[in-house]
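We have chain A already, so just place chain B on it with the hints.
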Amino acid sequence: MDIGYRQRAGLVASLGLAIPVATTLTYVAALSEVSTEAYYGARWSDVVSVWLTEVIGFSIGIIAALGLASQNGAEKASWNALALGGLFGILSTAIGIGLFKGFGTAGEEFEALANAIVNISFFFYFLSKMLIGAGIAGIGLELLRRGGLLGKALGLIASLAGVAAAVVNIAAMATGMDLVMPGGVTGTVAGLMGAIAVFVVTRSTTADES
Amino acid sequence: MELSYRKRAGLAAAVGLAGPVVTIIYYMATLGGPEGNSYEQVSTYFTERWPELVSVWLTENVFLFIGAVAAMGLAAGRGAERAAWNAIALGSVMAVLSNTLAIGMFRATGTIGEEFLPVFRAVLNASFFLFFLCKAAVAIGVAGLSWSLVRSGGALGKIIGLIVFLVGLAAFAVNLVAMARGLELVVPGAFTGSVAAALGALVAFLVTRSAPAGSEESA
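From first to last, the protein sequence lines are chains A and B.
Counting along the first sequence from 1, when you hit position 91 you're at 91 in our numbering, and nothing is skipped either side.
Counting along the second sequence from 1, when you hit position 18 you're at 18 in our numbering, and nothing is skipped either side.
Excised from the complex, chain A in its bound form:
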């Protein structure tokens, strides 16, 4: 693959990982303490803005990762995992934007249904974090194999963060909402380390071509 293309796609893939990290931090800082009434009322447009930004982040990440997956070399599976993780991230967020308010404000008798909707959205959320964690672990290993000293250190940290996110989020898919915090924290740390690792690893050609 043309190195210029790889560098550009790598930058976009890196943004695709970093944007959901930024939106998650924004959400936690600005919206996690809001009352249910305000959440679906005055602040709903803020919620939608944050999630929509996240959808755009996932979308560009998917497109870039699919492009990077079509190159030669050992990274293919990792890019495909990142693309698939982005797809489930979109699904999770789409359910949030499209369904949460409708079910959450329909009345007390719909509370069980509203909870079911939140549950399925978070299942996709955990699935997304698991796949992205696995993809980052793979990219981190590549950096560990091929990087200089600093690159090797970064690769090691990113692959450990990726494995941790994958393991915790597998457990979260089974246990549900109890593990939102650990799933979200490990996934977000992995996303941040992954954004850096993806940027660094795409500065040079793939293992098979170098």
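Wrong hints could be hidden among the right ones.
Claimed, not checked - In silico lysine to any residue, SDA-like type, Cα no more than 25 Å apart, as pairs:
(1) A/K76 to B/K158
(2) B/K7 to B/R181
(3) A/K76 to B/Y5
(4) A/K76 to A/R8
(5) A/K76 to A/V163
(6) A/K76 to B/A76
(7) A/K76 to A/I60
(8) A/K76 to A/A164
(9) B/K158 to A/L192
(10) A/K76 to A/L141
(11) B/K158 to B/V21
(12) B/K7 to A/K152
(13) A/K76 to B/R209
(14) B/K7 to A/N72
(15) A/K76 to A/Y27
(16) B/K158 to B/A170
(17) B/K158 to B/Y5
(18) B/K7 to B/S210
(19) B/K7 to B/V69
(20) A/K76 to B/M72
(21) B/K7 to A/Y5
(22) A/K76 to B/G79
(23) A/K76 to A/V180
(24) B/K158 to B/G79
(25) B/K158 to B/S38
(26) A/K76 to B/V187
(27) B/K158 to B/F65
(28) A/K152 to A/T206
(29) A/K152 to A/A30
(30) A/K76 to B/G73
(31) A/K76 to B/F65
(32) A/K76 to A/L192
(33) A/K76 to B/A80
(34) B/K7 to B/F191
(35) B/K7 to B/K158
To be clear, the hints were calculated from the coordinates, so they are not data collected in a lab.
What follows is chain B alone, placed relative to chain A:
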């Protein structure tokens, strides 16, 4: 990528883009949605017209699958079009999801009693969110392909490419706003998205008649 494969996949991608435009025109001409938002109107529509609705949406899904599969194949080729084909594939998958929510949940939530109307509206909302996301992703992919045609085409190809590029950008912008605003922008979102897809089908066909820009074959 072998050129004859590219031509065949390009034809399939063009069919995948044009098919949903035909189904949406057919839908608007023969079905057109419930007459209003009341439970009576919604439940009557989804009870009486259900077989036709499912037929239209399923036909659309078949076209979308053809388009997604062809676009993913074309994205594996070399050159500058990769991201554009991947965007079209992503958009097609989102539209399949949108239709799937419609087929699986519209009648089930829209005909079971007036007290479930908020639930029906929420499902409708989610389906249209994915619809807008589809249109935005397909439109930006069409814009990218058009840019490729501007770079590699003859005089006529360059003009077509430039026009479709602008249409694609416009449809992308409208549908991006629609994702935030919801159902009030159904008509502009669907209209610009369908125009972009129809012109995009033409561009997908034209651009796959020759090797991609930026590839060794074209150099």
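Do the hints match the structure? See the list:
1. A/K76 to B/K158: 35 Å, violated
2. B/K7 to B/R181: Violated, at about 39 Å.
3. A/K76 to B/Y5: 23 Å, holds
4. A/K76 to A/R8: OK: A/K76 and A/R8 at ~17 Å, within 25 Å.
5. A/K76 to A/V163: 18 Å, holds
6. A/K76 to B/A76: Answer holds: A/K76 to B/A76 is near 12 Å, not above 25 Å.
7. A/K76 to A/I60: 18 Å, holds
8. A/K76 to A/A164: 21 Å, holds
9. B/K158 to A/L192: Violated, at about 41 Å.
10. A/K76 to A/L141: 13 Å, holds
11. B/K158 to B/V21: 24 Å, holds
12. B/K7 to A/K152: 44 Å, violated
13. A/K76 to B/R209: With a Cα-Cα distance of about 29 Å, the restraint between A/K76 and B/R209 is violated, given a limit of 25 Å.
14. B/K7 to A/N72: 24 Å, holds
15. A/K76 to A/Y27: 32 Å, violated
16. B/K158 to B/A170: OK: B/K158 and B/A170 at ~18 Å, within 25 Å.
17. B/K158 to B/Y5: The hint holds at about 24 Å.
18. B/K7 to B/S210: Holds. B/K7 to B/S210 sits at ~8 Å (cutoff 25 Å).
19. B/K7 to B/V69: 14 Å, holds
20. A/K76 to B/M72: Distance of about 15 Å is within 25 Å: holds.
21. B/K7 to A/Y5: 24 Å, holds
22. A/K76 to B/G79: Given that 25 Å is the threshold and the Cα spacing comes to 18 Å, the pair holds.
23. A/K76 to A/V180: 30 Å, violated
24. B/K158 to B/G79: With a Cα-Cα distance of about 18 Å, the restraint between B/K158 and B/G79 holds, given a limit of 25 Å.
25. B/K158 to B/S38: Violated, because 49 Å separates the two Cα atoms, which is more than 25 Å.
26. A/K76 to B/V187: Answer violated: A/K76 to B/V187 is near 40 Å, above 25 Å.
27. B/K158 to B/F65: Violated. B/K158 to B/F65 sits at ~29 Å, over the 25 Å cutoff.
28. A/K152 to A/T206: OK: A/K152 and A/T206 at ~16 Å, within 25 Å.
29. A/K152 to A/A30: 36 Å, violated
30. A/K76 to B/G73: It holds: about 15 Å lies between the C-alpha atoms, which stays within 25 Å.
31. A/K76 to B/F65: Holds - the C-alpha atoms of B/F65 and A/K76 are around 23 Å apart, at most 25 Å.
32. A/K76 to A/L192: 21 Å, holds
33. A/K76 to B/A80: Between A/K76 and B/A80 the Cα gap is close to 19 Å, so the pair holds against 25 Å.
34. B/K7 to B/F191: This hinted pair is violated, its Cα atoms lying about 28 Å apart.
35. B/K7 to B/K158: With a Cα-Cα distance of about 19 Å, the restraint between B/K7 and B/K158 holds, given a limit of 25 Å.
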